[in-house]
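Participant: Sequence order for the protein chains is A and B. Read in order, the letters of the first sequence correspond to residues 8 to 99 in my numbering. Read in order, the letters of the second sequence correspond to residues 8 to 173 in my numbering.
In short, the hints are calculated from the structure, not lab data. Zero decoy hints are in this set.
Simulated restraints, written as ranges between beta carbons of each label pair:
1. B:Gln65 <-> A:Ala17: 21 to 31 Å
2. A:Leu22 <-> B:Lys48: 53 to 63 Å
3. B:Ser59 <-> A:Glu86: 20 to 30 Å
4. A:Ile82 <-> B:Asn99: 36 to 46 Å
Result set (DSSO-like, lysine-lysine): computed pairs, CA atoms no more than 27 Å apart in a straight line:
5. A:Lys34 <-> B:Lys97
6. B:Lys69 <-> A:Lys87
7. B:Lys83 <-> B:Lys97
8. A:Lys42 <-> A:Lys59
9. B:Lys83 <-> A:Lys87
10. B:Lys109 <-> B:Lys97
11. B:Lys83 <-> B:Lys69
12. A:Lys34 <-> B:Lys94
13. A:Lys59 <-> B:Lys94
14. A:Lys20 <-> A:Lys87
15. A:Lys87 <-> B:Lys75
16. B:Lys69 <-> A:Lys79
17. A:Lys20 <-> A:Lys79
18. B:Lys97 <-> A:Lys59
19. A:Lys79 <-> B:Lys75
20. B:Lys94 <-> A:Lys79
21. B:Lys94 <-> B:Lys83
22. B:Lys109 <-> A:Lys59
23. B:Lys83 <-> A:Lys20
24. B:Lys109 <-> A:Lys42
25. B:Lys83 <-> A:Lys79
26. A:Lys34 <-> A:Lys59
27. A:Lys34 <-> B:Lys109
28. B:Lys109 <-> B:Lys94
Rough simulated footprint, nothing fancy, chain B against chain A, three-plus residues with beta-carbon under 8 Å:
29. 14 to 23
30. 29 to 43
31. 64 to 77
32. 80 to 90
Small disclaimer: the values here were computed from a predicted structure and weren't measured. Note that beta-carbon positions come from the ideal geometry of N, C-alpha and C, so glycine has one too.
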Amino acid sequence: MERVQIPTVALPKPLQLSDTRVFVVTKDNFEEFEKEFTELYGELAFVALSMKDYENLALNIADLRRYINQQKEIIVYYEKAVTEKENGDEIK
Amino acid sequence: MLRIYVLIFIIAILGSIGYGAKYYYDTTQATIATLRENNVKLESAVETAEQSVATLQQDMVKLGNLNKELSASLQKAEAYGDELRTKLSKLNLVVEALRDSKQLEGKMNGASANLWRGLMEDTGGDGNRPNPQWLQRPGGTGSESSNQSGKGTDTNSGSTETAPTQ
Chain A
8 MERVQIPTVA
18 LPKPLQLSDT
28 RVFVVTKDNF
38 EEFEKEFTEL
48 YGELAFVALS
58 MKDYENLALN
68 IADLRRYINQ
78 QKEIIVYYEK
88 AVTEKENGDE
98 IK
Chain B
8 MLRIYVLIFI
18 IAILGSIGYG
28 AKYYYDTTQA
38 TIATLRENNV
48 KLESAVETAE
58 QSVATLQQDM
68 VKLGNLNKEL
78 SASLQKAEAY
88 GDELRTKLSK
98 LNLVVEALRD
108 SKQLEGKMNG
118 ASANLWRGLM
128 EDTGGDGNRP
138 NPQWLQRPGG
148 TGSESSNQSG
158 KGTDTNSGST
168 ETAPTQ
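One chain only, chain A, in its complex shape (with noise of 0.2 Å):
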């Protein structure tokens, strides 16, 4: 039986990401992170979340965390096999 040799890809740029800062803000801290935040930043202005959507936010990447690893893992499984005879030799 042919076998049909598919070749491999190269995978994609691995992520560069940044780091982001969030503050927590109560009505106990507000004067304080209002100082904090102008010392750091010039100006006061900024992006509120409530603790609900921030939940959401992070539970939305844990998601797309997610996908991204098994659509790795899929890429993985199809990779092996085409590419691996059964006792785990590459076929060159």
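Use these hints to put chain B onto chain A, whose structure you have.
Facilitator: Chain B alone, transformed into the frame defined by chain A:
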């Protein structure tokens, strides 16, 4: 005269028998040769079929093993989200924020840093990049629970349990 006719008849009969025997012999030999060729072809076909069956069986075993590995890997990929969901369901972030906003902030920032590094590592990048200075700063924002190694805090949770980066 009659003897001559009888002789001719006998010769004709013998000739016919001889020709028939020769024809039968040739035909039989040709058939045997054809059958021999067919046999060789059939043996070759059987050999190919047996090899194909063996290859298919090997492929089935291989794919079965790969499927098992894939199922385990897919299940493993669910772990982070499941763990996070469980932690969030046990926590009330509003209460945590009102209790100690700096501590929660530190945990959130530490967990975010871990998450970004975990994602970079998952995609083949460098997951050991040092944490930003503001996260490492002793006593500063995010210092309370964020660890120096970039591991060990869970995303937006109020606990200090470790969240393994995959």
